[in-house]
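S.K.: Chain by chain, the residues run as shown.
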Amino acid sequence: MKRSRTIELVLMGTAPLLVAGCGRAPPPENALLYQSLQQCVLEGKVSPEVCAQAYADAIQAQYRNAPRFDSLAECEAQFGYDQCHPVTSASGGHWFMPALAGFLVGRALSPHYPYYGWGGYDWHAYAGPGGYGGFSGQPIYRARGDRGEWQTASGDRFGRGLRGPAAPSVAETLSRGGFGRSGAARFSWGG
Amino acid sequence: MDRIDIPERPDWREQANALGFRFHSIGGAPYWDESACYRFTLAEIENDIEGPTAELHELALDLVSRAVRDESYLRRLAIPEAFWGYIRESWLRGDPHWYGRMDLAYDGRGPAKLYELNYDTPTSLYEAAVFQWVWLEQHIASGRFPVGADQFNSLQEKLLLVLGAIAPHINGVMHFASVRGSEEDRATVQYLADLALQSGIEPRRLAVEDIGRTADGRFTDCDDRVIEVIFKLYPWEMMFADEFAVYLPACRATWFEPPWKAILSNKGALALLWELNPGHPNLLPAYFDESASAPLPPGWVRKPLCSREGANVEIVTGDGARVAEGGPYTDYPYIRQAFHALPRFAGRYALVGSWMIGDLPAGIGVREDDSLITRDTARFVPHVIV
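Residue numbers (this note's numbering), protein chains in the order written: chain B, 1 to 191; chain Y, 1 to 386.
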């Protein structure tokens, strides 16, 4: 098959496309993003069944993807006080993992647009779902011998390495508006 | 490859609006046109488009590898010298790329010819990845196409693969910037932000014009948060000409697309690709135009090094007919590229946009125009493999 097997969207068609300027109110966050099953049901944007399915998917994804720690202290050192809980698997394994921070409800587009939920998320700690199968056996990037390891601004190395600080830093902005002038007369770049 | 007329889905405009594809019509004229579609065989897709796309991509990245080591390349591309080191570092450090599109002239028979690389700020992504996909799925569901019908379009899966690869190595946050004023640009960026959200990355949207800078030369968003990883739908050559350009080399932000893409979004890359790979079946002869004010001889196309949407392109066909587009990109040197007419189907000129995600060919979108020059008003026509 030469095409994507499924397509899900969260923001498209729900969130306004406006980009608020600095100093103006940000657009409301319309993505269906919930901290709890109860919040999803009470808000009523999708049916309780969709909420329950999305929540169940998120729990499963959390179980699969969340980092595991031998001790509560190690987990809390990374994720913060009261953010971790013990897990005992059916086969008797025992570990600690961060609690589910929330879950997303998106739309699967084929063929009749049912809502579809997936993924535990914890933006500041680790990547969410992943494991997209299908094409994932192929390396996305070819090794090119002449190139080094990519390193992010916070010192993370592409490939394997330490995670940066849990929240991005804040610094005083001296001025704005220094990008965009060259494009002022030229509205789209796509070609 | 052929073009077949098929009925439109009666509610496609409502569906497009509901999915955030609101630029399906531009100035009252259709941009998305599903009154017809292009039909390919699997052999055409795999042998004539997918394979050559992967090969051309390798040639392009080989060119980058050479150019960052040889200043004569960067000089001929008219890239400001102040950013040569920044571009070189970006490549040698291995800054990852996300996506790009190459435009191919292909008629179903001869080898596809590379018209241009749009490797820095390509749009038409959302309609290719999503709306085209929905169109096919619904026509299969309704029985108009057989169950085995397919499409060369794994764009969303592969865009997510890249995010999945980078997500564990960034800070959980990625900024997404577009310039104010373009619905199409906003939708493209919003789509990528959507995919980031699905990948466990918190997307923060901002306008390119609102990027701030700190005393120590970092860039910030509206809430004074330091920008560490950012996607920008704004060309590098314009960033280099802007006031904040001076802060780029020390800003410590990771950009998508990365600075080394400045080499490939430049049409001079077409001349350099020909110079390095003369006679390649998928390349057209191309040279830097040393006499840009002289009349163009028959059989040649003149393009500015940096232009978008067909602007400032001039064609003199083999029999001497002249086709030209005006535009704002008059302050750059030019290349000449051998004229190779786009194929004509039902009176329209069709151009195949072939996408690369990471280093993987990932799908196509066909656009057609009434003119030999494909402009921003060219219509997007879906395709099917049967």
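There could be a bad hint or two in this list.
Unchecked claim - Distance windows between CB atoms, simulated:
1) 25(Y) to 78(B): 46 to 54 Å
2) 338(Y) to 5(B): 54 to 62 Å
3) 86(B) to 6(Y): 52 to 60 Å
4) 18(Y) to 85(B): 36 to 44 Å
5) 94(B) to 6(Y): 53 to 61 Å
6) 66(Y) to 94(B): 22 to 30 Å
7) 17(Y) to 181(B): 49 to 57 Å
8) 340(Y) to 78(B): 54 to 62 Å
9) 5(B) to 277(Y): 32 to 40 Å
10) 318(Y) to 181(B): 37 to 45 Å
11) 78(B) to 143(Y): 48 to 56 Å
12) 146(Y) to 90(B): 55 to 63 Å
Note that these hints are calculated values from the structure, not bench results. Glycine residues also receive a C-beta, built at the ideal position from the N, C-alpha and C atoms.
S.K.: All hints, please: hold or fail.
M.R.: Status of the hints after comparison with the structure:
1. With their beta carbons about 50 Å apart, residue 25(Y) and residue 78(B) fall inside the hinted range of 46 to 54 Å.
2. Against the hinted window of 54 to 62 Å, the Cβ-Cβ separation of residue 338(Y) and residue 5(B) comes to about 40 Å, which falls outside the hint.
3. A beta carbon spacing of about 58 Å between residue 86(B) and residue 6(Y) agrees with the range 52 to 60 Å that was offered as a hint.
4. Separation of residue 18(Y) from residue 85(B) is about 39 Å and conforms to the stated range, judged on CB atoms against 36 to 44 Å.
5. Against the hinted window of 53 to 61 Å, the Cβ-Cβ separation of residue 94(B) and residue 6(Y) comes to about 59 Å, which satisfies the hint.
6. Hint check: residue 66(Y) to residue 94(B), Cβ distance near 55 Å, so the stated range 22 to 30 Å is violated.
7. Taken as a hint, the range 49 to 57 Å is violated for the pair residue 17(Y) and residue 181(B), whose Cβ atoms sit roughly 33 Å apart.
8. Distance hint for residue 340(Y) and residue 78(B): a CB-CB separation of about 57 Å, consistent with the stated range 54 to 62 Å.
9. Under the hint 32 to 40 Å, the C-beta atoms of residue 5(B) and residue 277(Y), about 36 Å apart, fit the expected range.
10. A hinted range of 37 to 45 Å holds for the C-beta pair residue 318(Y) and residue 181(B), which are about 41 Å apart.
11. Separated by about 53 Å at the C-beta atoms, residue 78(B) and residue 143(Y) satisfy the suggested range of 48 to 56 Å.
12. Judged by the Cβ atoms, the range 55 to 63 Å given for residue 146(Y) and residue 90(B) is violated: they are separated by roughly 44 Å.
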